[in-house]
Structures are given as structure tokens and as C-alpha cells.
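S.K.: Work the whole structure out from these sequences, hints included.
Residue numbers (the numbering used here), protein chains in the order written: chain A, 323 to 638; chain B, 323 to 638.
A hint or two may mislead.
Put simply, identical chains are the same to the list, so a pair is met inside one copy or across any two.
Unchecked claim - Capping the alpha-carbon separation at 27 Å, the derived lysine-lysine pairs in DSS-like fashion look like this:
{"#": "1", "residue 1": "K614", "residue 2": "K462"}
{"#": "2", "residue 1": "K404", "residue 2": "K456"}
{"#": "3", "residue 1": "K486", "residue 2": "K509"}
{"#": "4", "residue 1": "K614", "residue 2": "K549"}
{"#": "5", "residue 1": "K462", "residue 2": "K404"}
Hints listed in this document are in silico derivations from the structure and should not be mistaken for laboratory results.
Number of protein chains: 2
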Amino acid sequence: MESLGVLLTVPMNSYLEGELSKRCKLFRLWETPLENRWQFLRANAASIRALVGNSVVGADAEMIDALPALEIVASFSVGLDKVDLAKCRERRIRVTNTPDVLTDDVADLAIGLAIATMRRICEADRYVRSGAWKNMGDYKLSSKFSGKTIGIIGLGRIGLAIAKRAEAFDCPISYYSRSEKPHANYKYYSSVVDLAANCHILIVACALTEETRHIVNREVMDALGPKGVLVNIGRGPLVDEAELVSALLEGRLGGAGLDVFEHEPHVPEQLFGLESVVLVPHVGSGTWETRKAMADLVLGNLEAHAMNEPLLTPVL
Amino acid sequence: MESLGVLLTVPMNSYLEGELSKRCKLFRLWETPLENRWQFLRANAASIRALVGNSVVGADAEMIDALPALEIVASFSVGLDKVDLAKCRERRIRVTNTPDVLTDDVADLAIGLAIATMRRICEADRYVRSGAWKNMGDYKLSSKFSGKTIGIIGLGRIGLAIAKRAEAFDCPISYYSRSEKPHANYKYYSSVVDLAANCHILIVACALTEETRHIVNREVMDALGPKGVLVNIGRGPLVDEAELVSALLEGRLGGAGLDVFEHEPHVPEQLFGLESVVLVPHVGSGTWETRKAMADLVLGNLEAHAMNEPLLTPVL
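M.R.: See below:
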């Protein structure tokens, strides 16, 4: 695929970048000063047939309009909320993502965040590192994780992988999704509020769309309640973050384990002093093993497109 | 059991203490100034028929000798390494512990520490709280947890509970114990070094005895290697801590998740600056739910003893 012009808008993975530069004609947008980027795009628009985005910088309408030769957007992510899918459909631009290969990592992190929040692992680690154990005595008690009811919003690949793991901790599983899944052996709720009212740990694992934005709102948090814990490994805007901050500060919500935030990399600073939360910087798929597998999937999709073969993981 | 004189040596759980003071004749040793404690014991020795210890302060030979009327040691712990069992056997003193009720919590923490160490959850949490995400960009990649081979030292109740959880993450399980377990469907190693050489995450879950002290020595750590991770939720002295500190500082060991330490509450300060470790202050069974269940078991054993009925969880 040496002839394929590929636009990379931001640096995202050194292995992917290295392979792209070996195998394609690679355009690194971030190397051009900000004020000259549209000029750079105009100058190379005829060659740029592919674009690689991720979960932070995808392909919005303006970018797609600037690239009249664009044939494919291959996203280095499973979520496509930063890609204007309607526009791609209209322009018959193909779209691929990287499903499956990151499922394990994201599900691992969901369980890790849930245990860390319930058992106060990060706070306890700070307690030891500060020397407090020796000086102030035994650490306070926390909450048991095994056996707690877990509610999952979105029972797709990642939701199912979380459920499978949680079952090994004897946690009863319930879920919300647009419709009941015929083969899932878990309790279904057709309302997120009802799900939250009937679980102890609520895990957000659905895709971000206009319908799911702020699916976890004040009413849901209040249903989860002062002993409830929220875990978000989906996308920040699935949760009304201003309401989340209030609920946590006011003790109306018990705790939260958060991998994603509404305005990344900005995290509300009111959370920084809270011991009831665990905050990680969007690292759901952030392992060497998985990022390599995701990169290989992006490369495989571009190669298939260049060879006019079926895409490996087509979305459009 | 109003007539049963019970000695509590250190404060350990307010619910347990409250129930003991309601139901028995309770002696609180820590309320007597240090220099008068032997005098206090002598004065009350005739009444003290029971002693409640825990994993930090049990019943050593000197204490047992000071209590000629002692009939039972009911430990608020599963491990009895702080109780002089030989002495108890000789004096025909009954001994009970609190098995089973803390199994889930300790196994949860083992998995939580393993995920937190592999995925750098506490370090990532510090990264967000310090404001670094916004200022210094994406966080570095970590290691995948799912699918990693897990080696368990000691396949008792807790070891089996850890294995069951880890299986849900598609982790192959292998183990070391004194002898192969006939019904365990996991790979057995008769040598700890061989186990360490063939796993990525080594979890220490055996009892502390003279035979198992420093069962994880330098040779075992070197077999685990620079990508290996050690998790200890057993007892501190199971690991040669000086060697552990060297191995971590020199990068001969990849990381460690530690709930227990050789000289608690003292933790080697060289570990405080290390990002490759997660350090928690012996909180394996430290949840409200489990401590209440453990207290009820201590009370049930004392009650059974007072009523001359079979003990609930006798060790001797």
C-alpha cells in the first residue's frame, strides 16, 4: 500500500506510526504549525485517501470536507463518537474501528477500578507511603466487593466481559440496554434509574451517542445513593460530570472509579482531594499488548482497503 | 457466658469489644499502663479463662504462662502465627480462628492488587490528581492483566478463591503446595522456584510457619524476573523483605502488590518512592462486612466453650 496517502492528525502510538511510515505515504499533521494546517491539508488533499483517528481526535465534518479524496477513516479506538458517521455515510467513506482486541483490558480496568474504589486501594497506598500507618495506627475499614450487585449500562462486548469477570466474585449481575438481550442470563431493567436503584455498583459500558449523552444524570446518581459506587470506563459525556461532582462532594453518592471525563484531559479539580474516588487518565486500552493489537488492526484495515479486499472490522 | 473472664490485649474491633463487654467479664489490657500490665494480669489471672488475639498480637509463651486459668484462645484472624500453638497443645488450651468468612475479601484484594500493579492504577491516580494529565499529556502504557499466567503459593481456601477469580480473566493457573492437590485442576509445581520461573504473577497465599518463612527468597524473585509481579496477601515474613526491596530497586523484579510486611506497621521507606509497587496496610479482611462476621465467629466460639458445646471453628 505504498501509494496510499494516510493522514495521522496526532501522535498516538509509536509502533503504528513507524509501520505507517514504512508501508504508506504518511502525513503527520501535528508537525505542521497550527496556523498552517489548513494550508498543509489543501496542498496534500489530493493524496490523502485515508485518515487514522482515535478516541480523542477523530474526523469531524470540517476535516472530512477538507479532504475530498478521503476514502477511509480507520480509527485507533473502538468508540467512534469523534467521527462524523453521518457525513462519512453521505460521502461513502468507509469507517473501521478496533473492536474485540481491547475488550479484555477495558473489562480488567472496570473490575480493577471497582475493587480499588470499594477497598480504597489507592487511598490505602497513600496512607502507607505517607508514613501514616506507623504513626497513626490501623487503617479504617472499607466495603466488601464480592457479592455486591453490579448493574451494567450497555451489555455489548465490553459489558459482557465485565459481567463474566464479576460473576467469579459471586456478584449478581443486572443490566440496562435499549432492548433485552435474548441470550444474556442477567436481570434486565428497561430503565437506568431502576437499574441504579437495584445495584450497589453501577458500571457504564455503553457507546456514546446523542441518546446516551448524560445517561447517568442526577436522578440515576440519587437512585444509586450514598452507599453506591459509579464506575465509568465508557466515555466521559455519558455521565453528567457537574452533577457527579456535586453528588460526591455532598455524599449523595458513595464513590466513583473513573477512567473517562467529560472534557479530557481536564478533570474537575474538586475531585482531586476526594478519598472516595479513583481517577485514571483514560487508560482503558492502555497496555503494550493491546495497543500493538489495535495498531495491527488499523494497519490490516488500511491494507485490505488498498488491496480492494474486505475490511477486517468495517463499521461503514 | 457472663461468668467467662475474657482478656482482650489490644483494641481490635468496636463491635466485638462492645459485645464482649455486654456478654462476658471483659478485661481490657491496653487500658492499664504498660509498666503495670504484669501486675494487672497477676491480679486477675484466676478469672481470665479466655483470650482474644489477632494477627498482630496473639498469645506467646510468656502470656500463656502468665494465665494459669486460660482455657481458650479465640483468635480474631485466620492465621495463628502469633499464637504459640505448641504451648497451647501442651497446656490443653483450646484454640479457634476465623476461617472462611474472610476468604472472599482476601481473594478480592489479591486480584485488586494484581490488577492495580499491572495496570498502574495508583500511580495513574496520582498522575491525574497532581494535574499532570493536563500538563504532561497521555499517561504511559502499562501491562495487560487478562491472560497472564498466575502462580499461587498455597492452594488452601484463599488460594482457591483467588484461582476461581483469576480464571474469569482467562489467566492460566499454576500452584505450589507441600503436596499436589488431587482435585485441583491447575498445574502443580513441587518447587517454588519452578513455579516462579513459569508464571508472570506470583501470589503468596500460604500460612506462615517455620517451613514457609522466607519461602519467597532471592532465588524465587530472580526466577520471577524483571517482568514478573509479586503479590503478598499472606504474611510479611513469607517474603525476604530485604531481598524484595533490592530486587525492586535494581529492577530485577517488575513490581509488587503488598498487603503485608515483615515488621508491620513498619514498611521499608525505600519502597515509598517506587511506582512499580502498590502498598496497603494489612487490610486483607478489613471490610465492615467481614470484620462483623469474624467478630460473630469469635463470640460464637467463646459462647460454645462457655456452654461446653462443640467449638464452631476449632484448631486445637
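S.K.: Against each hint, give a clear statement of whether it holds in the structure.
M.R.: Hint-by-hint comparison with the structure:
no.	hint	result
1	K614 - K462	between (41 Å within a copy, 14 Å between copies)
2	K404 - K456	between (49 Å within a copy, 20 Å between copies)
3	K486 - K509	both (14 Å within a copy, 23 Å between copies)
4	K614 - K549	between (39 Å within a copy, 18 Å between copies)
5	K462 - K404	between (43 Å within a copy, 22 Å between copies)
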